[in-house]
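Chemist: Chain residues, written in single-letter form:
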Amino acid sequence: MTTNNRDQADLFGDLLPINETHLRALRDRLAVDADSAGVLDVAYRTIDTPVGTLLLAATALGLIRVAFDSEGLDAVLGVLAADVSPRILNAPKRLDGAARELDEYFAGQRHTFDLPLDLSLSKGFRRAVLGYLPDIGYGLTASYGAVAAAIGNPKAVRAVGTACATNPLPVVVPCHRVIRADGQVGAYRGGPQAKRVLLSLEAAA
Amino acid sequence: MTDKQPFEGVVAEHAGTVLRVCRAVLGPADADDAWSETFLSALKAYPRLPVDANVEAWLVTIAHRKAIDVTRRSARGAVPVAEVPNRPMAGGADDRDLDLTRSLAALPGKQRYAVVYHYLAGLPYGDVAAVIGGSAEAARRAAADGIANLRKTHPGDTARKGASR
Numbered sequence: 001m002t003t004n005n006r007d008q009a010d011l012f013g014d015l016l017p018i019n020e021t022h023l024r025a026l027r028d029r030l031a032v033d034a035d036s037a038g039v040l041d042v043a044y045r046t047i048d049t050p051v052g053t054l055l056l057a058a059t060a061l062g063l064i065r066v067a068f069d070s071e072g073l074d075a076v077l078g079v080l081a082a083d084v085s086p087r088i089l090n091a092p093k094r095l096d097g098a099a100r101e102l103d104e105y106f107a108g109q110r111h112t113f114d115l116p117l118d119l120s121l122s123k124g125f126r127r128a129v130l131g132y133l134p135d136i137g138y139g140l141t142a143s144y145g146a147v148a149a150a151i152g153n154p155k156a157v158r159a160v161g162t163a164c165a166t167n168p169l170p171v172v173v174p175c176h177r178v179i180r181a182d183g184q185v186g187a188y189r190g191g192p193q194a195k196r197v198l199l200s201l202e203a204a205a
Numbered sequence: 001m002t003d004k005q006p007f008e009g010v011v012a013e014h015a016g017t018v019l020r021v022c023r024a025v026l027g028p029a030d031a032d033d034a035w036s037e038t039f040l041s042a043l044k045a046y047p048r049l050p051v052d053a054n055v056e057a058w059l060v061t062i063a064h065r066k067a068i069d070v071t072r073r074s075a076r077g078a079v080p081v082a083e084v085p086n087r088p089m090a091g092g093a094d095d096r097d098l099d100l101t102r103s104l105a106a107l108p109g110k111q112r113y114a115v116v117y118h119y120l121a122g123l124p125y126g127d128v129a130a131v132i133g134g135s136a137e138a139a140r141r142a143a144a145d146g147i148a149n150l151r152k153t154h155p156g157d158t159a160r161k162g163a164s165r
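Residue numbers (my numbering), protein chains in the order written: chain A, 1 to 205; chain B, 1 to 165.
Just chain A, same shape as in the assembly (with noise of 0.2 Å):
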């Protein structure tokens, strides 16, 4: 049986071949099929910045992850499927303006982000925290201890540090601003050294 499975499998063997750019624009197709459906709950795309290559994530609310490439492409994603829904693709349009804001924020042009935003993955005081980060305006650094204080509650420290640890939402939501008191840059999602090279492309613009 085994042997003539596969003398009839020869049958398609080479034939009726696929060729990958056709593939492509059927996947790009269904891609933005599945967004004007309305049954594309998750799209993403990839960038090229300075700090590596992000993974840009948005739901219909607005931009819900920004990931650099060490937390691991499919590890993102797969946490995504799992706390939002598995009906994710690789669909760019809907990350155009958020691309484009990225760009323009790497080339020093852009101060604020002006993007819709989807916090759903940041809960109670860790969205508290996240909800004033932007108030540290651009250039400008806060130590963990002046953020506790800052949202009313001077002893969390720790749990702004966590906070800013765990942000979905890095360089969109400057956590990265918040330093440690002593003026060591401190932990961040995409390890130090991109830290030091977000806050030294603000200093310099």
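Hints in this document: simulated from the structure, not taken from any laboratory.
A few of these clues could be false.
[What the hints assert, rightly or not] Cβ-to-Cβ under 8 Å is the rule here; a few derived chain B residues that face chain A:
1) A15
2) R20
3) W35
4) D97
[Claimed, not checked] Derived EDC-like pairs: lysine to aspartate or glutamate, alpha-carbon spacing no greater than 20 Å straight-line:
5) A:K93 to A:D35
6) B:K44 to A:E104
7) B:K110 to B:D30
8) B:K44 to A:D35
9) B:K44 to A:D33
10) B:K44 to B:D32
11) B:K44 to A:D83
12) A:K123 to A:D135
13) A:K93 to A:D28
14) A:K155 to A:D182
15) B:K44 to B:E13
16) B:K44 to B:D69
Ideal Cβ positions, reconstructed from N, Cα and C, are used throughout, including at glycine.
Position chain B against the provided structure of chain A, taking the given hints into account.
Modeler: Chain B in isolation, oriented as in the chain A frame:
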């Protein structure tokens, strides 16, 4: 990980096989639309698919329903089902592909589906039966009859067997 993978991964893994299945059962003219409709329907239903489901069999089931729809639409439009348009196949196919799709199109529906789902998509007869109806044994017989008929109408390829790989 027991969680469901992102749908993009499903597309990456199965896009090619599903397109070949659509071409084999429908011919090149309708294959692209059937592929698109299949994956759009699959995306809609994906959250409800059990985590341990056989994704390929599920996709073939959806593609089969789309193929039946397309065949019915074509029949209503008075286009002979068994005729494959004589033009180059999208994606650069050659004459042998046209010969094969023509021979497949000439098979009775059940034989064509059984041959394609078993030999091209690689589904076991139990799964083929679940897609086209009837028993696994009936699916096996339909596939065997289909192969026998293809040997008659498509001698070039059966002679080629083994030579190309």
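Chemist: Which earlier hints can't be squared with this structure?
Modeler: Hint check: 6 fails alone, others pass.
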